[in-house]
Amino acid sequence: MSAFWQLLGRDVLIAWKEGGSIGIALGFYLVVVVLLPLGLGPDLNLLARIAPGVLWIALLLSALLSLGRLFEADFEDGSLDVLATGALPLEAVAAAKALAHWLTTALPLIGLTPVLGLLLNLNPDAYGVLLATMLAGTPAVSFLGAVGAALTVATRRGGLLLGLLLLPLFVPTLIFGIEAIGAALTGADSFRASFLILTAISLAAVVLAPVAAAGALRFQLQ
Amino acid sequence: MRLVADKLAVARGNRTILAGLSFELEAGDSLVLTGPNGAGKTTLIRTLAGLIPPAAGALWLDGGEPDQSLGEASHYVGHLNAIKSILTVAENVGFWSRFCGGAAPQRDAALAAFGLSQLADIPAAYLSAGQKRRLGLARLLLAPRPLWLLDEPTAALDAAAEAALAAAVAGHLAAGGVVVAATHQPLPWRNQRQLRLEPAAPGP
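Each protein sequence line maps, in turn, to chains A and B. Every letter in the first sequence is one number past the one before it in the working numbering, and letter 111, counting from 1, is 111. One gets the working numbering by counting positions in the second sequence from 1 and adding 1000 to each.
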């Protein structure tokens, strides 16, 4: 188990030292959300209505940008071969790297969300529930993303392929995340159900995705 | 400790790279793989590391720890050195040491053995090719593993580093380990068994 935390710590340290991948994700998130009101015009009611959906979609796309590098860097410098032959099962390696992605990409993006909400005239009542759905839903993004990253690890310029593979998998998270926010704002009963399904998707992804990612990596390393 | 390959065959895709390969290595043996480019040296080393499943035949390790896979019993040093260029030499070695369950004294000894102690605080990006190779090889000494798998270990090494590698291998063999190395150059340690691989004939 110690090897798991060592790998997690190393990936967080590398992300911190490099800074580039977090910076690109945060910058992309910022640019998309800043440009959108300029394109739509100053209709504050319209912006407030679409703000949760825009923030969720922009967050998904920003996270997708950095997912491509999840295993690629280790594949290119030979580290993945050594990680795969170590005592730590490859499933745990995949889980550690997905968790590191969540800590170093999803959490900073969620941290930036309240600031971007101001730009979109987000309903003040929606901040808490939006952040809650993002916290509950993004583990699925990082862990399902690890499966796509593992499948495309040996593919040069696999970014487009990664997007095509992953965006359909992110649809349930997006739908139930937006549904939960809408229900909370209108006071409908369905908030609880939507939020629980969102959490269930994340929990299932955390358990199942490392197994799938490890299978894909074993195949890619042959 | 005994490494046995019995009528081993390895395929990549539909292409058979190696077929009918049998050898037995006792504790203290070293096997040197030679042969032209594309003969399957790297493929065999990766198979021994458990990265490629054999297409036919069997491969096992006698007398190791039970339930230990070949990969867990081996140190694999491939063409790539498994170094993060953004981390310092000490951080790279420290990570692999803790990941492999090694101790701090062994880590410092590994750095010293390959002449890296002076470079400990330098980011690995600034190392020369030979220094990076030494850093990759230092991983061998971080934690004891019975099987060492070396793919062209002397590439880019100077004479002093070759001597360091020879000393490390000699120590490993004396302690009852097994070494399998692929190379095009003569390797600087004694008691080598040779296995020459030839490219497989194009199959049907």
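Incorrect hints may have been included.
Examples of chain A residues toward chain B, derived with CB under 8 Å [as the list claims (entries may be wrong)]:
1) Arg10
2) Ala87
3) Glu91
4) Ala92
5) Leu161
6) Gly163
7) Ile178
8) Glu179
9) Gly182
Just so you know, these hints were derived from the structure itself, not from any lab. Quick reminder that beta carbons are idealized off the backbone N, C-alpha and C, glycines included.
Comparing the hints with the structure gives:
{"no.": "1", "hint": "Arg10", "in the structure": "holds (5 Å)"}
{"no.": "2", "hint": "Ala87", "in the structure": "holds (5 Å)"}
{"no.": "3", "hint": "Glu91", "in the structure": "violated (14 Å)"}
{"no.": "4", "hint": "Ala92", "in the structure": "violated (12 Å)"}
{"no.": "5", "hint": "Leu161", "in the structure": "violated (20 Å)"}
{"no.": "6", "hint": "Gly163", "in the structure": "violated (26 Å)"}
{"no.": "7", "hint": "Ile178", "in the structure": "violated (38 Å)"}
{"no.": "8", "hint": "Glu179", "in the structure": "violated (41 Å)"}
{"no.": "9", "hint": "Gly182", "in the structure": "violated (43 Å)"}
In this structure, the hints that do not hold are numbers 3, 4, 5, 6, 7, 8 and 9, in rising order.
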